[in-house]
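Here are the chains, one letter per residue:
2 protein chains.
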Amino acid sequence: MTIVSSVRPPASPTGVSTSALGALQPLGIDVAHITGGWWAGRQRRIREVSIPDGRRQLEEAGNLDNFRIAGGSLEGEIRGPVFADSDVYKWLEAAAWEYGRQPDEGLLAEQLEITALVAAAQEDDGYVNTVIQIRGDRYRNPARDHEHYCAGHLFQAAVAQSRCTGHDELLEVAIRFADHLVRTFGAGRREDVDGHPVVEMGLVELYRQTGRVEYLDLARYFVEARGHALTTRYGGNATYLSDRVPVREAATVEGHAVRAVYLAAGAADVAVETGDEELLRALDRQFASMTEAKQYVTGGLGARWEGEAFGDPYELPADRAYAETCAGIGAVQWAWRMLLATAEPRYADQIEHLLYNAVMPGVSLGGDEYFYVNTLHLRDGAEADNERSAASGRRRWFDCACCPPNVMRTLAQLGGYLATVDERGLQLQQYAPSRITGALADGEFTVAVQTDYPWKGAVRVTVEAAPGGEADLALRIPAWAEGATVDGQAVEAGSYAHVRRVFNPGDVVELELPLQASVVTAHPRVDAVRGSVAVRRGPLVYAIEQADQPDGVVLDDLRVDPDANYAAQHRPDLLGGVTTLSFPAVGPDGQRVQLTAIPYFAWANRGIGPMRVWIPTV
Amino acid sequence: MTIVSSVRPPASPTGVSTSALGALQPLGIDVAHITGGWWAGRQRRIREVSIPDGRRQLEEAGNLDNFRIAGGSLEGEIRGPVFADSDVYKWLEAAAWEYGRQPDEGLLAEQLEITALVAAAQEDDGYVNTVIQIRGDRYRNPARDHEHYCAGHLFQAAVAQSRCTGHDELLEVAIRFADHLVRTFGAGRREDVDGHPVVEMGLVELYRQTGRVEYLDLARYFVEARGHALTTRYGGNATYLSDRVPVREAATVEGHAVRAVYLAAGAADVAVETGDEELLRALDRQFASMTEAKQYVTGGLGARWEGEAFGDPYELPADRAYAETCAGIGAVQWAWRMLLATAEPRYADQIEHLLYNAVMPGVSLGGDEYFYVNTLHLRDGAEADNERSAASGRRRWFDCACCPPNVMRTLAQLGGYLATVDERGLQLQQYAPSRITGALADGEFTVAVQTDYPWKGAVRVTVEAAPGGEADLALRIPAWAEGATVDGQAVEAGSYAHVRRVFNPGDVVELELPLQASVVTAHPRVDAVRGSVAVRRGPLVYAIEQADQPDGVVLDDLRVDPDANYAAQHRPDLLGGVTTLSFPAVGPDGQRVQLTAIPYFAWANRGIGPMRVWIPTV
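Chains as they are written, first to last, in my numbering: chain F, 1 to 618; chain E, 1 to 618.
By construction, these hints were calculated from the structure, which means they are not laboratory data.
Since we're looking at a predicted model, the values are computed, not measured.
Glycine included, each C-beta is placed from N, C-alpha and C at the ideal position.
Each hint should be verified, as a subset may be incorrect.
What the hints assert, rightly or not - Output of the computed footprint for chain E on chain F, the stretches with three or more beta carbons under 8 Å from beta carbons of chain E:
no., region
1, 313-322
2, 377-383
3, 529-536
To be verified - Label pairs and their computed distance ranges (CB to CB):
no., chain 1, residue 1, chain 2, residue 2, range
4, F, ALA384, E, VAL618, 30 to 40 Å
5, E, GLY552, F, ARG233, 40 to 50 Å
6, E, TYR139, F, HIS228, 41 to 51 Å
7, E, ALA465, F, ALA384, 50 to 60 Å
8, E, ARG424, F, VAL593, 48 to 58 Å
9, F, CYS400, E, PRO81, 39 to 49 Å
10, E, TYR139, F, ALA384, 40 to 50 Å
11, F, ALA384, E, GLU123, 17 to 27 Å
12, F, ARG233, E, GLY76, 43 to 53 Å
All chains, full assembly: derive it from the sequences and hints.
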């Protein structure tokens, strides 16, 4: 792959990860809107339910009081984990994107009110971390204390606020903190890395927003310093802390899944901004290794509860899947940066796969309950021995509440993932009813997308404004979409279909993606699901949940025939409207039953009960 | 089942768990000797290597210095976990049994020297726990601090010392501590239970040794008080701490495996001594549930690293098996108490199964390296991210060093598990070259057992002394031993074969146990090993280890035919002398290879490399 080092065009003002140096450039959420359909419904829930409820939860859990205490406006005891501030920053980021998507003065006022709390808590030298400030042990244990981690989320929130609301109050806090970090850390200064990456992405985005190259330099330092046992001086476990191997030497991902993918995403930012092709190749290799041997069929990442870790290659137990919602989100961020850098459609495939099957299972259809851990199998009689266990059901919030605001910010910025531009034209990366404008050299290229995707495979793209001269409209054909057509012509799965011509307003391009249900089997080394199949249709992985089956069916005792007919039926009445799949199975005494599968993301919305993604065939 | 409430005969002076009220009575290690063969070799290693090395490790890790510091003879910082004292007590117990097995004045002197350290550390009111004494937070958090746990191990060690050496110095310490516990805890006094059971077994054994009924009463209190959320007041997790359900109401085992089986063993002691048949029935039901749905084919217990827990029914991943060595030992203790109480041979079957396949894998053939966790599958390229990981190889010692001295005390007392007596005669429970004397009403019944078991199935029992009149010689026929014969007559597997007659010195009884290799499949709900088989022969479960296979064979890519010939060959040169099994397999490209399996207990004695117990067939 080649990093295209073009002249830097103006960053799209409200883009997600606004790199201008990759093969593709992102579009801001001001020019890429989801206008309807399934994703619009999910975004509406985030706006109407999740964000307001999140604010309440942050008040109840003490995260906001921590800022008041650190800022001197409240007396009291600090509450929550050492990374409590990061939940506030992710909420602020979600609110900023949501304001950018659809302005609302109440939502802005809330952001500015909380921003003022953050500013009041900031120390004179720029440092802010309320738990540490009150404990009084700044930088005592970087492997443990998440001080850079919180800074990284602050930076991301500040950039989003600046881009989406025009307000720079949080950006000013961020710059003061970043300047403090630049003065304090790096080669020849204090040589430390945080136990939990994310500051790398935050610093690079702050660099993109401000143009201050010292932030990029510090991000690069934090990436390069890993793998040299800086964290183990504090008693940390190097594998867990993404510190066992230098990033550019690693062959795969390992250790704590969220840390690993956040680090990789930040390293991708650094690679693109510094033109470091070796580093980008290493990340490409690691991504491929991850998807080959350390990713669930749902896209979920992290096979171990112990250490929230990836685990060994092909160690992918369905029942004990960790598959943290945040790991899915971090992988979306990593894939997005790799897509921009390389223009490889497999990264856009992964974004789609992760969003539907690894991120969205993490939030209830109602928008106010979450899964932290996303199991692929809940047995009958499973113990609810942990608030994160599936057997405990979805939860309003968690003691470690990283996932809920992470879902919010991801859904609020979703428009930014729809499409990209390059010098030749516009690339449609994700399919949803939407309106997208790409600014090309010869003028704006605006398209309206109409579709019932992911339930139906027809996607109709209508040109509303066309640039002068020939332009390229590229349509991602997912790797599963064998038999897809564009305007009736067969196109290749796992590639972009290019329509290159002079476009005029009113022109229509018709994409047809075949959405047949099919069964998939795992790599033969995945012992945990040997002799089993999973069922998918288009981008969606399916699950059988107890609630949909005939009375008396015990999910743990069924066998299915992989060659059976898996019949799709759209059910507008069910779970907000889903397409189900119906197929025969055999019970332990040979009795035949007809099973109904639902999209995996929709499970556990009718109470909690047995569920499985992988179904035995033998 | 019925608890036989006979008149209490004198407890066998050096017995393991010397209940006199069950259906069977135990024999002391003074009258039940292993005289040769495989187990004698293992016991020799414990004596010559493990116990001396354990003493060194306890010095190096600070456990003994903790006693010196608490006793005032040394200044320094406390080291090790809060339960550090228990490792010393288990070592003392091992040394006591070992002295009883074969007296040695040096070994006695060491015990008395360490006993003096313990006595010197004991406070005036009887309390002793060096870590807590130095920290100064006695009984601050019973759910966490293991104070009763350490007491329980002290009591077990003290009883062993008294029974096996005749010295009561440690017993006096134990009585002072037990009296303190009686004054402090119980209904109407301080109502608390320890987060880690074992004090129940310790108190009952101390009652058996001293006749002081208040110890039994307190043990009963500790058993009955569980399941009433006493530990959760301290922030503990009730499931983890065996405190979610009252023992007599529990349907299965759950939570931390070692805690669960220790509690069950202590509850069995209480049930027998108090004639509590309801409680015994509950324990019988729990044991059956455990073996049905929560036990590995190796006997290993505990499917989760997270919380060292049993996990859900049929959740038994081979690769992430926890199967802590201590859990296997605790289950032996539980099974032994159930065997004495009920005379059901399935409990003796379990003891054999656990000892060979769940306990002995935990110690190297050399006797100086241990596994804490006993995986059933080590992949090629597995991460060694934890000192307990199989990928880290066997270890000299652990930060949490519960397992090594637990193995030592179990091996040193092994003679005590060989046989039992009842009013009618002598029951041979385990087969090894041995000499056993049971004191019956009509005189002593002494037999010498000759066998090459577990490699060969012939067991020759020669009567050396016979009681007057008719006596019953019962031979356990393991449940796997279809086709067994006694003196040429077919006998039923899974039962006792009774030879009832007037015996005379020189009489010989010949037992023949068929040791064919066979494959076993798991319950179909055990998803983790679907489409796979394990190989066993007689009491031994086998494993394929990289070291025995032809060059280039990748264990993770093989398939075997369950109907193939699994050919046994005794290899005196290999791993101290083992019978191997040879059978064909097919690689991913269809190439045929001949695999060699070794007994699972013998793996990881030639460095660390890939291994699997379950082998795919599909």
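Each hint, compared with the structure:
With a cut-off of 8 Å between beta carbons, the region 313-322 of chain F has 7 residues touching chain E; three or more are needed, and the interface restraint holds. Under a criterion of three residues with beta carbons nearer than 8 Å to beta carbons of chain E, the stated coverage of the region 377-383 of chain F is upheld, 5 such residues being counted. With 4 residues carrying a beta carbon less than 8 Å from a beta carbon of chain E, the region 529-536 of chain F meets the three-residue requirement, and the given coverage holds. Range check, ALA384(F) to VAL618(E): about 34 Å between beta-carbon atoms, so the 30 to 40 Å window is met.
For GLY552(E) and ARG233(F), the Cβ-Cβ distance of about 41 Å falls inside the hinted range of 40 to 50 Å, so the restraint holds. Take TYR139(E) and HIS228(F): their Cβ atoms lie about 45 Å apart, and the range 41 to 51 Å holds. The hinted window of 50 to 60 Å between ALA465(E) and ALA384(F) holds, with their beta carbons roughly 59 Å apart. At roughly 54 Å, the beta-carbon separation of ARG424(E) and VAL593(F) lies within the given 48 to 58 Å, and the hint holds.
Roughly 25 Å separates the CB atoms of CYS400(F) and PRO81(E), a value that falls outside the hinted 39 to 49 Å. In this structure the hint that TYR139(E) and ALA384(F) lie 40 to 50 Å apart at CB is violated, the actual value being about 30 Å. Remark: the range hint 17 to 27 Å for ALA384(F) to GLU123(E) is contradicted by a beta-carbon distance near 42 Å. Between ARG233(F) and GLY76(E), the C-beta spacing of about 24 Å breaks the proposed range 43 to 53 Å.
In summary, the numbered hints that this structure violates are 9, 10, 11 and 12.
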